[in-house]
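Here are the chains, one letter per residue:
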Amino acid sequence: MKHQHINKIMLAGLLVIAFALPLVIRSATYLHILVLLFFYAYLTTSWNIVGGFAGVLPLGHAAFVGIGAYTSTILSLQYGVSPWLGMLVGGVLATIVGVIISLPTLKMRGAYFALATIAFAEGIRVMVENIDYIGPLKLNGPRGLQIPPLETGLASFMFASKEPYYYIILIMLLAVMLLTYLISRAKLGYYLMAGGEEPEAAMALGINVARAKLIAMAISSFLTALAGTFYAQFSLYIHPKSIISLDMSFEIAFIALIGGRGSIVGPLLGALLLRPVGDFCRIYFGDTLPGLHLVIFGLVLIFVMLYQPRGIQEPISRAYQALLNRLIPQPSLGR
Amino acid sequence: MLYVIEDMINGILMGSIYGLTAMGLTIIFGVLKVINFAHGSLLMVGMYAAYWAITLTGVHPYLALAIVIPVMFAFGYALQNIVIKPIFIAEKNVREPITVIIVTTGIWYILDNLTLLVFGPQYRSLTANPLQGQMFELGSMFVSAPKFYGFIIALVTAAAIHLFMQKTIMGRAIRATSMDREAASLMGINQYRIYNVAFGIGAATTGIAAVALIPFNNVFPTVGVLFDIKGFIIVVLGGLGSISGALLGGIIVGLIESVGPQFMTATWTEAIVYGLFLIVLFVKPSGLFGQKHDW
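Protein chains in written order, with the numbering used here: chain B, 73 to 407; chain A, 4 to 298.
Since the hints were derived computationally from the structure, they do not count as laboratory data.
For each residue, glycine too, the CB sits at the ideal point set by N, CA and C.
Don't take every hint at face value.
[To be verified] Partial chain A-side listing against chain B, Cβ under 7 Å, derived:
id, residue
1, I38
2, I101
3, V106
4, Y195
5, N199
6, F266
7, A269
8, T272
9, F280
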C-alpha cells in the first residue's frame with residue numbers, strides 16, 4: 073500500500089473521530105472546552121495566512137473578532153437580521169478595516185508592524201468602551217451586549233445544547249484549513265512565502281510582495297471576523313474587555329508559534345496542546361494557583377522556540393513519517 | 004487657568020517618570036533591535052525588589068537604589084544570556100527576529116504569573132513611607148513631592164546613560180553594535196556579550212524607574228501592564244533607541260493624560276494617545292529623535 077493512500081485513510085479516520093466525538097463526550101464542560109479549542113484553532117489558522125505565510129507578526133487580531141461579534145450582534149438585536157447574514161457583513165467590514173490599517177503598516181519592519189497592530193486593536197477597544205451609541209447603533213460601552221435567548225434553531229444561530237456549536241465550529245475550522253491548504257498551493261501562497269523569506273529577492277523576481285501581503289491580510293481579517301460572530305452566538309454575551317483583549321491576540325500568536333508558523337496543521341496542533349492545558353489548570357487550580365496556565369504557556373513557548381523553532385508540527389510529522397517508513401517500507405524510486 | 008498650569012506641571016512630572024520607565028526599553032531596542040514585551044514585567048520585578056528592600060531594611064525609599072540597580076542588572080543580564088541569546092543565535096540568519104519578540108511575551112506571562120503565584124494578587128504599598136502624600140506648595144498650586152523627585156531622577160538617569168554611552172569604552176562598544184552589528188563584530192566586539200550588557204543596563208534603568216514609582220504607586224503582579232503599552236508608545240513617539248526621545252515621548256503622553264481630562268472624559272485620552280501613536284508610526288516611524296536606519 074502506498075503512503076498516500078494511508079495518509080488519506082488516516083485523514084478520513086481523524087475526520088470520523090472528530091465528527092463522532094460529541095456522541096461519546098456527553099459532558100457539557102468537555103464539549104465547551106472542545107468548542108473553544110476549535111475556536112482558537114480556527115482563529116490561529118486564519119491568523120496564520122498573514123502571520124505565518126507572509127512572515128509578519130500581527131498582534132491585534134482580536135480587533136477583527138470584536139468587529140465580527142459586534143456587527144452581527146447589533147444587526148440581530150436592533151434590526152432582526154439573521155446572525156448568519158450579520159456574520160458576512162461583519163466579515164466584509166473587518167476586511168475593509170483590515171485593508172485600511174494594512175496599507176500604511178505592512179511595509180513596516182517586524183517590530184513596528186507588531187506594535188502598530190497592537191495600538192490599532194487597543195485603540196478599537198478603548199473606543200468601543202467609550203462609545204454607547206454610533207448614531208442609532210447601540211454599542212453599550214464597557215457594559216457590552218447581552219443576546220437575549222430567542223427561539224433556538226439553525227436560522228437564529230442559537231442552540232440549547234453545545235453539540236450544534238461543536239459541529240459549526242468544526243466545519244468552519246475544516247473549511248479554513250482547506251482554504252489555507254489551497255492558498256499554500258496557489259500562486260498567492262508562494263508569493264507570500266517568498267516575500268516573507270526574502271522580500272528583496274522576491275521583488276527582484278517581479279513579485280508584488282506588498283499586494284500579496286495585503287490580499288493575505290484581507291482574507292485573514294475576513295475569516296477572523298466570522299469567528300467573532302460565532303463567539304457572540306456561543307457565549308451570548310460580548311463586552312470589549314473580553315472580546316477585543318490583548319490576551320486573545322497574544323494567545324493566537326502563541327498557539328501559532330508553538331504549533332508551527334506557516335504550516336497548515338500547526339495551528340490545530342498548537343491549540344490541541346495549549347488549550348486543554350489552560351482549561352484544566354483553570355478548572356483544577358484556578359482557585360489555588362491562579363495564573364498557573366499562563367506560566368505553563370510561557371514555559372512551553374520558550375522551550376519550543378529553543379528546541380523546535382519551527383513548532384511542534386515538525387517533530388510530529390517527522391515521527392509520523394518515520395513510523396510509516398518503518399511499518400510499510402516503500403520500494404525505492406530507483407535512484 | 005491655574006488648574007491647567009497645575010495639570011501641566013503634574014503632567015510633565017508624571018510624563019518624565021513614564022519616560023524613565025521607557026528608557027530601558029529604548030536601550031534594549033536600540034542595541035538588540037527587539038521590542039522587549041517583558042519590559043513591564045521587568046518594571047514589576049524592580050518594584051517588588053524595591054518594595055521588599057525598603058520594607059525589610061526600613062531605609063528611605065530612594066536608598067533602595069543601591070540594592071535594586073545591581074539586582075536588576077544581574078537579572079536582565081541573566082535573562083538575556085540564558086533565555087534570549089540562544090533564540091537570537093538560532094534566528095541569526097532571519098531578517099526579522101519575530102520569534103524573539105514572541106519569546107519576550109512568554110517571559111512576560113511567566114514573570115507576571117509567577118509573581119501572582121508567589122506574592123498573591125493583593126496591592127502592596129510602603130507602610131512607613133516618609134514621602135506619603137508630601138506636597139510642594141507653589142502659590143495656590145500643589146505639586147506632588149515624590150513625582151518631583153521622580154522627575155529629577157529621570158533627568159539624572161538620562162544624563163548618566165548619555166555620558167556612559169559617549170565616554171566609556173563599553174558605551175562605545177554598545178553604540179557600535181547598535182549601529183552595525185557585523186562591523187562591530189569585525190572590530191573584535193563580542194556582540195552577544197554586548198547584548199547581555201545592554202539588556203542588563205536596560206533592566207537596571209527600569210529598576211531605577213521602579214524605585215521612582217514605589218513611593219506613590221502600589222505594587223501588584225500586573226502593575227507592569229499599565230506601563231507596558233504606554234512604554235511602547237513613548238519610545239516610538241520619541242524614536243526607538245533614543246534616550247532623550249524617551250523622556251520627551253513620556254512627557255507628551257503625560258501631558259495628554261493630565262491636561263486632556265479638562266476637555267473630555269478621562270478615558271478618551273487613552274484613545275488619543277493610541278491615535279497619536281498610529282499617526283507618528285504612519286508619518287514618521289523613526290519618531291522625533293530616532294535614526295532613520297532603525298526602521
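Status of the hints after comparison with the structure:
no.	hint	verdict
1	I38	4 Å, holds
2	I101	5 Å, holds
3	V106	5 Å, holds
4	Y195	15 Å, violated
5	N199	17 Å, violated
6	F266	14 Å, violated
7	A269	10 Å, violated
8	T272	9 Å, violated
9	F280	5 Å, holds
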